[in-house]
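Asker: The listed protein sequences derive, respectively, from chains Z and F. Residue numbering for the first sequence is 1 to 543, as defined by the numbering used here. Residue numbering for the second sequence is 1 to 306, as defined by the numbering used here.
Calculated directly from the structure, the hints in this document are not laboratory data. Being a predicted model, the structure only gives us computed values, none of them experimental. No residue lacks a Cβ here, since even glycine has one placed at the ideal position from N, Cα and C. Where hints are given, some of them may not hold.
Simulated coverage check for chain Z against chain F, where a stretch passes if three residues somewhere in it have a Cβ under 8 Å from a Cβ of chain F [claimed, not checked]: (1) 310-323; (2) 407-417.
Label-pair ranges, simulated between beta-carbon atoms [what the hints assert, rightly or not]: (3) Z:Gly-32 with F:Leu-57: 46 to 56 Å; (4) Z:Leu-326 with F:Pro-143: 34 to 44 Å; (5) F:Asp-58 with Z:Ser-458: 44 to 54 Å; (6) F:Ala-92 with Z:Leu-326: 25 to 35 Å.
Take a look at the letters that make up each chain.
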Amino acid sequence: MVRISRLSIFFPVFLAFLALAACAQKLPIDEGRMVIALPGAPVNVDPRVATDAYGEQILQMTHASLVGRDASGELVPDLAERWETPDPLTYIFHLRPTAMDGQVPRQAGMPRVLEPRPGLRFHDGRPLTSADVRYTFTWILDSANRSPHRGLYRHIAAIETPDARTLVFRLSEPFAPFLSTMVRGIVPAGSPARGYAPPVGAGPYRIDDLSPDGEAVLSAYDGYYGGPPAIRAVTVKFVPDSNVRFLELKMGSVNFTLNGVDPDLLPAAERDGRLVVEEGPGGNVTYLGFNLLDRALSDPRVRRAIALAIDRETIVRTIWKGRADLVSSILPLGSWAHDPDLPAVPFDPARARRLLDEAGFPDPDGKGPLPRLRLTYKTSQNEVRRRVATVIQEQLRQVGIAVEIQSLEWGSFFSDIKKGNFQIYSLTWVGIADPDIFHHAFHSRSAPPDGANRGGYSNVEVDRLTEAARSEPSREKRREMYRQVQRILSRDLPVFPLWAGRNLLVRDRRLAGFLLTPDESYASIRAMRIVRDSSTPPTGSRR
Amino acid sequence: MRRYLLGRLLRTVPVVFGVVTVVFLLIHLLPGDPVEIMLGESAVPAQKEELRRELRLDRPILSQYASYLTGIPRGDLGVSFRSREPVLGEIARRIPATVLLAATSITVAVFVALPLGMLAAMRRGKAADYLSGFAAMLSLSIPNFLLGPLLVLLFSVQLGFLPVSGYGAGRPLVLPAITLGTGMAALLTRMVRATLLEELRKEYVTAAIARGLPYRSAVARHALRNALVPVVTALGLSFGAVLTGSVITETIFSWPGIGRLLIQAIDARDYPLVQGCVLVIALSTVAVNLATDILCARLDPRIRYE
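My request is simple: use the sequences and hints to build the entire structure.
Answerer: Right, dumping it as structure tokens:
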């Protein structure tokens with residue numbers, strides 16, 4: 001007979017094997033390495049074709065653009081040290097000194113030892129000139145290359161390069177948001193698109209290795225025009241499971257994640273002495289979209305009644321754990337065109353009932369079970385969105401609106417929204433960089449596929465203002481026009497802006513210098529450093 | 001045997017044809033336009049039409065289907081819409097990770113199930129039997145999305161033995177393989193116990209022991225071998241389930257396998273990639289089942305394939 005004792009040694013042996021397999025683990029931060037966890041892998045890391053957020057975030061570290069953005073979202077010089085707009089159809093960019101601008105003495109007063117001037121260079125040592133910038137945008141505009149960004153640059157009529165440092169963009173028609181479209185990584189002339197092999201850039205980090213679904217290994221680029229980054233090695237891990245991202249942070253194998261930890265787990269992160277949680281305003285606005293071609297929802301009183309019946313504060317407090325800001329416009333709070341004086345929609349169920357009565361939807365049986373009207377609410381299968389939908393369903397039930405929730409797989413959900421096959425839906429506007437979004441989302445000619453006016457909203461004044469604003473060079477005049485647009489939208493409620501989730505950074509307390517921005521930019525990673533002192537200064541509102 | 005193999009291979013053709021056809025139709029019936037997903041909302045309609053033409057999505061569905069079918073024998077599974085890489089290359093990059101995880105988890109399952117199942121059968125009605133039954137039920141009851149993080153919490157966060165996630169043939173493989181293999185091990189343990197008990201009741205075992213063969217040898221050399229035939233068949237069948245069912249484990253441990261690739265492809269409505277993944281999974285399942293049948297014949301000489 002086989003005795004139990006013989007087989008029972010299997011498990012101790014197995015555990016011993018695990019113990020042997022384990023070796024003394026040194027945390028990445030102890031080796032000077034920063035490990036960022038992203039919730040997903042990028043589909044592509046080529047600035048000419050990348051559209052997903054993860055690809056864009058890696059590109060912010062590896063590829064420099066003509067212009068960049070500062071913490072408040074304002075456009076600032078990047079590769080271009082300055083630019084001018086002699087007329088609304090012409091944009092002239094002057095590049096920083098390039099590596100081809102000759103040679104200079106190493107130090108004043110010293111013998112004339114000549115060496116290449118530190119200027120704009122790509123990671124492979126090639127000088128970056130206006131020809132590379134022209135190539136990048138010409139490549140995007142070439143229909144054969146199938147760039148998803150081609151539509152964004154359709155106003156470009158010609159790109160001229162009078163010299164190695166000067167670029168002239170000529171537009172076919174005035175397009176005020178043009179400058180913001182210049183935040184696009186530049187690649188060397190002649191770079192082919194090679195799927196997972198990204199073209200070299202001129203940003204602070206170079207890509208040493210990129211494995212699909214695995215990780216991206218970056219190293220500091222000493223030739224970066226802004227000076228070499230202090231953190232020499234950065235690994236970007238693609239960790240899709242939020243619990244695992246949190247456990248990686250706990251273990252120290254990941255030491256930085258932006259919006260990568262669920263609100264429910266943040267208290268545990270805050271209790272961990274090694275981690276710091278920082279919070280800052282976010283730029284992604286969640287909203288309820290209404291189908292204005294629907295009989296009931298075409299009445300603005302019904303839309304307002306729905307808005308009045310939703311207790312947003314409770315939802316933010318319970319589901320978002322207070323980590324979201326209520327908004328009255330789809331434009332991020334920090335945007336230069338945001339109207340701070342917009343009236344907020346209060347939680348007022350009594351008024352909501354009155355408005356429904358006025359709109360011809362009286363309660364058919366008083367306190368009985370019959371609803372005033374029935375609506376369908378479409379959302380994705382995202383867990384938080386489903387929870388939000390359930391709470392809104394209950395809140396609308398309180399005023400007599402029966403809501404059926406349809407939680408659909410993303411592709412089917414978005415397809416329905418774009419076809420107008422919905423009554424109410426919930427989505428989030430991500431990465432709004434310019435108020436021209438109002439033209440894209442509310443102009444009567446912006447119905448899909450020409451834009452994102454999915455609810456069929458039509459207002460002559462909004463059409464006029466958004467058209468005028470996109471060709472108006474003066475920012476002050478544009479601001480006033482967009483404020484008028486926001487006031488009209490606030491009155492008509494073609495969509496009901498709900499809240500903007502706050503940006504949440506969880507990092508090792510020894511990592512310092514990151515600037516938390518509303519647009520979740522990773523650009524300031526180049527300014528980060530690893531400090532010995534654990535009492536690092538907060539960069540946002542530290543908790 | 002050669003005739004049998006040839007016959008099996010020929011029978012594979014309609015199976016694969018059926019799978020390819022059903023998946024082709026289903027993925028095209030799903031709402032969601034790959035062109036819209038690829039180009040985003042900033043694209044102008046002309047650009048979308050251009051891309052649709054280039055991807056040949058403007059052609060009738062039968063014509064698209066015919067092109068796809070004729071490409072398969074040439075090894076041309078098309079180009080992924082989302083990454084612009086050849087589908088075969090995309091899949092080939094993920095195959096090693098998937099095979100490594102599947103093979104290791106099956107090995108883990110076999111190494112756990114065989115001794116535990118044998119022990120339970122040989123000590124029927126004793127503590128070891130009940131313990132093994134309890135462990136099997138417990139393992140079957142814990143879903144992978146819970147077991148994975150629990151193992152991570154214990155072995156990575158608390159004990160610091162193993163990495164939380166990542167890809168590699170060494171330490172990063174341990175937890176995903178255990179997570180994926182545990183449920184299978186539980187199932188196999190109960191199966192080994194049941195089939196072995198059945199064999200132990202047969203006269204040839206009693207006769208062998210009566211002739212003076214030690215009980216342990218009678219079990220290991222005779223009964224176990226016969227008991228393994230259904231177990232090996234079950235293993236072969238579960239291989240396909242491991243290939244497609246490893247998505248959760250791959251997601252938890254950031255394992256770059258074909259399961260995750262398939263889910264991403266479905267989300268992006270990347271038709272060629274979805275079809276390619278399903279084709280490879282179908283072919284692998286058929287191949288493993290064929291290998292299983294051959295192995296069963298080796299284990300039990302009474303099995304004859306005609």
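Asker: Each hint needs a verdict: does it hold in this structure or not?
Answerer: Taking the hints in turn, this is what the structure says about them:
1. With 0 residues carrying a beta carbon less than 8 Å from a beta carbon of chain F, the region 310-323 of chain Z misses the three-residue requirement, and the given coverage is violated.
2. Restraint check on the region 407-417 of chain Z versus chain F: 7 residues with Cβ-Cβ distances below 8 Å, three needed, restraint holds.
3. Gly-32 (chain Z) and Leu-57 (chain F) have their C-beta atoms about 49 Å apart, which keeps the hinted 46 to 56 Å range intact.
4. Checking the proposed 34 to 44 Å range against Leu-326 (chain Z) and Pro-143 (chain F) shows it holds: the Cβ atoms sit about 37 Å from each other.
5. Checking the proposed 44 to 54 Å range against Asp-58 (chain F) and Ser-458 (chain Z) shows it is violated: the Cβ atoms sit about 31 Å from each other.
6. Between Ala-92 (chain F) and Leu-326 (chain Z) the CB atoms are about 50 Å apart, so this pair departs from the stated range of 25 to 35 Å.
Checked against the numbered hints above, the structure breaks hints 1, 5, 6 and satisfies the rest.
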